[in-house]
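Protein chains: 2
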Amino acid sequence: MARIALDAMGGDHAPTATIAGALLALQELAPEHGIQLVGRPDVIRAELEAQLAGAAPAVRDAAAQRLTVVEAAEVIEMTDKPSVAIRGKPNSSMAVGLRLQAEGQSDAFVSAGNTGAQMAASTFILRLHAGLNRPAIATLFPSAREPVVVLDSGANVDCAAEELVQFARLGAVYAEDILGRSNPAVALLSVGEEPEKGNAAVKDAHQTLAAAGGLNFVGNVEGRDVPMGACDRGPVDVVVCDGFVGNVLLKFYESVPKLIFGLLAKSGVTKEQLSGALKNLDYAAHGGAPLLGLKGVSIICHGKSSPEAIKNGILVGLRAAQSRMSDHIGQRLASTAEGATR
Amino acid sequence: MARIALDAMGGDHAPTATIAGALLALQELAPEHGIQLVGRPDVIRAELEAQLAGAAPAVRDAAAQRLTVVEAAEVIEMTDKPSVAIRGKPNSSMAVGLRLQAEGQSDAFVSAGNTGAQMAASTFILRLHAGLNRPAIATLFPSAREPVVVLDSGANVDCAAEELVQFARLGAVYAEDILGRSNPAVALLSVGEEPEKGNAAVKDAHQTLAAAGGLNFVGNVEGRDVPMGACDRGPVDVVVCDGFVGNVLLKFYESVPKLIFGLLAKSGVTKEQLSGALKNLDYAAHGGAPLLGLKGVSIICHGKSSPEAIKNGILVGLRAAQSRMSDHIGQRLASTAEGATR
Chain Y
95 MARIALDAMG
105 GDHAPTATIA
115 GALLALQELA
125 PEHGIQLVGR
135 PDVIRAELEA
145 QLAGAAPAVR
155 DAAAQRLTVV
165 EAAEVIEMTD
175 KPSVAIRGKP
185 NSSMAVGLRL
195 QAEGQSDAFV
205 SAGNTGAQMA
215 ASTFILRLHA
225 GLNRPAIATL
235 FPSAREPVVV
245 LDSGANVDCA
255 AEELVQFARL
265 GAVYAEDILG
275 RSNPAVALLS
285 VGEEPEKGNA
295 AVKDAHQTLA
305 AAGGLNFVGN
315 VEGRDVPMGA
325 CDRGPVDVVV
335 CDGFVGNVLL
345 KFYESVPKLI
355 FGLLAKSGVT
365 KEQLSGALKN
375 LDYAAHGGAP
385 LLGLKGVSII
395 CHGKSSPEAI
405 KNGILVGLRA
415 AQSRMSDHIG
425 QRLASTAEGA
435 TR
Chain C
95 MARIALDAMG
105 GDHAPTATIA
115 GALLALQELA
125 PEHGIQLVGR
135 PDVIRAELEA
145 QLAGAAPAVR
155 DAAAQRLTVV
165 EAAEVIEMTD
175 KPSVAIRGKP
185 NSSMAVGLRL
195 QAEGQSDAFV
205 SAGNTGAQMA
215 ASTFILRLHA
225 GLNRPAIATL
235 FPSAREPVVV
245 LDSGANVDCA
255 AEELVQFARL
265 GAVYAEDILG
275 RSNPAVALLS
285 VGEEPEKGNA
295 AVKDAHQTLA
305 AAGGLNFVGN
315 VEGRDVPMGA
325 CDRGPVDVVV
335 CDGFVGNVLL
345 KFYESVPKLI
355 FGLLAKSGVT
365 KEQLSGALKN
375 LDYAAHGGAP
385 LLGLKGVSII
395 CHGKSSPEAI
405 KNGILVGLRA
415 AQSRMSDHIG
425 QRLASTAEGA
435 TR
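Quick mapping for you: the protein sequence lines, in order, are chains Y and C.
The first sequence begins at 95 in my numbering and counts up one residue at a time.
The second sequence begins at 95 in my numbering and counts up one residue at a time.
Fair warning: there could be bad hints in the mix.
Copies of the same chain look alike in the list, so a pair counts if it fits in one copy or across any two.
[Stated by the list, open to error] Here are the simulated lysine-lysine pairs, DSBU-like style, with alpha carbons at most 30 Å apart:
#: 1; residue 1: 175; residue 2: 297
#: 2; residue 1: 291; residue 2: 175
#: 3; residue 1: 175; residue 2: 389
#: 4; residue 1: 389; residue 2: 352
#: 5; residue 1: 297; residue 2: 352
#: 6; residue 1: 291; residue 2: 352
#: 7; residue 1: 291; residue 2: 389
Because the hints were derived from the structure by calculation, they are not lab data.
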């Protein structure tokens, strides 16, 4: 029997979405589990009543028996600073929901509210395990295989190697426990497979992870391996990165379906047209990336360039030369330096 | 009249792809422009002969008149270290092609070869403009609007704020000169729109860019804005990030079409089926990202969660509680600490 506390007030579409979600959950959860709706009782009850008005008797019964309302007078806004969650609004739905758990009256807390506040309040009220500096956020990325656990996906924007190593351990347990993966393959996100590739923190973390026991560390993976859910050496269950990279990647991925839909809508749905539309996602078609900052022009093409990509690289090189891009860069930098010394 | 030097030996499919690309380029370039094929003359000539065997007379004529072969005895392999390009193989096709330009005999250099070597050789032979620490790689990302310039996309894995500011200036000129964007909108990639969001380098860079003149700095953008080519404040032409982030993002994006094709193949091509397939790209459908490291369970849902996503968050919360994930994390960390002190 588990009691799940839901922050009924948290999220852009609360309480409508939160209450509706709770009702959906009730239908899927085994009947011994209950949900604690934490927030302003009047708001929660009014919303519940509205949503249950036309519901089937079974749903109404489940709600009556397995939903409880836990009063929390305050609400943390999406724009509140994280510290508000701890000091400013001690009776927020977040703080109350988390305290239920700290006091043994609840088994889990769920919120769609202010993430920074949730991190702060969770750390303050639930505390961290020994040996950790901060919590990490693990997100599931859809992949061609099974979903991949990516962490940290936003909690820690500046990470030392030590923290990346912590994430690896956290992620492995998550993959085992939540995803049911046995001996999950843990990889470090970098800019190349070789241990010596990466920024300073990643290179150090690689050394530690390679020497660490109790972890199925499969080495570095690159960005391309994440949507595949695998690298050359096999499937990947967990991808470790700092929270800045993870957050950028996550939000990027989020927005890709929107782009695809746009492309599909523009192109119709025949197979030929789809291929054309999706081809636009292939960055190699644009070809030729200039090395900027040189006194001259140097265009980098992809190692796997097709003739078409090589041709594009040449066209870019021409354009760079004709437009005198390099001169312009020199001028711009010079004028900046002048501005700075003025 | 411009002369473009092509590293005929560079790339996974050289010289076939490089020569074929050169021939394609000839047909698109105005007739006054020529291409210098740099590499082993015997290899280049044999390949040219083979490709021109069945070609139209116009192509053969163009090749005869506008292609020149420049001898370079050495070839840099994809696995060579960057330093090889400078010291180890002074007569590589890269070094020779770049020297042509340094000596005023060529206007641009194009290579699909070893990127690190190309960076090193380009910097050594062409040199950097004053005020720069290293070159940056700018890549075009396809977007729902026009392609977006993302830089650095791999040259500099550890960047100080100062370098990000340099990238902004480099990218703006690139967008103007190569893409024809007037007064290009330059944005800084971060984990939130607010100036105070980001890692240390990004926050510092934001301050400098906001105060800098001569740049249409539109503030921070998030990962989701990149595939859209725009943020809430309007179109974005240039996105600035460090080379670690840029490289991860680039390779990630590269692999997305592969994933989409896989999804399409599995689902067929009807509109309904496509919607279903693409829905799998929507990470919100997976719902509920746990905050890891806490003595307890705290699940983070997306601020824009649908009822379905909230429900999934609840299910994840349940699974976390039932599997005793948090205890397992504690145990794992404790055993690691023991291992370390042993």
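Within a copy, between copies, both or neither: which one fits residue 175 and residue 389 at a CA-CA cutoff of 30 Å? For residue 175 and residue 389, the Cα distance is within 30 Å only across copies (23 Å; inside one copy 46 Å).
Up to 30 Å CA-CA - residue 297 versus residue 175, copy category: between (34 Å within a copy, 17 Å between copies)
Status of residue 352 relative to residue 291 across identical chains (alpha carbons, at most 30 Å): Close across copies (25 Å), not inside one copy (33 Å); limit 30 Å.
Indicate which option fits the pair residue 389, residue 352 if close means a Cα-Cα distance not exceeding 30 Å: within, between, both or neither. neither (40 Å within a copy, 37 Å between copies)
30 Å Cα threshold - placement of residue 175 relative to residue 291: between (37 Å within a copy, 12 Å between copies)
From the Cα coordinates, with 30 Å as the cut-off, is the pair residue 297 and residue 352 best called within, between, both, or neither? Between copies, since 29 Å is at most 30 Å while 35 Å is not.
Within, between, both or neither, where residue 291 and residue 389 count as close if Cα-Cα is 30 Å or less: within (27 Å within a copy, 34 Å between copies)
Hint check: a violation occurs at hint 4 only; the rest are consistent with the structure.
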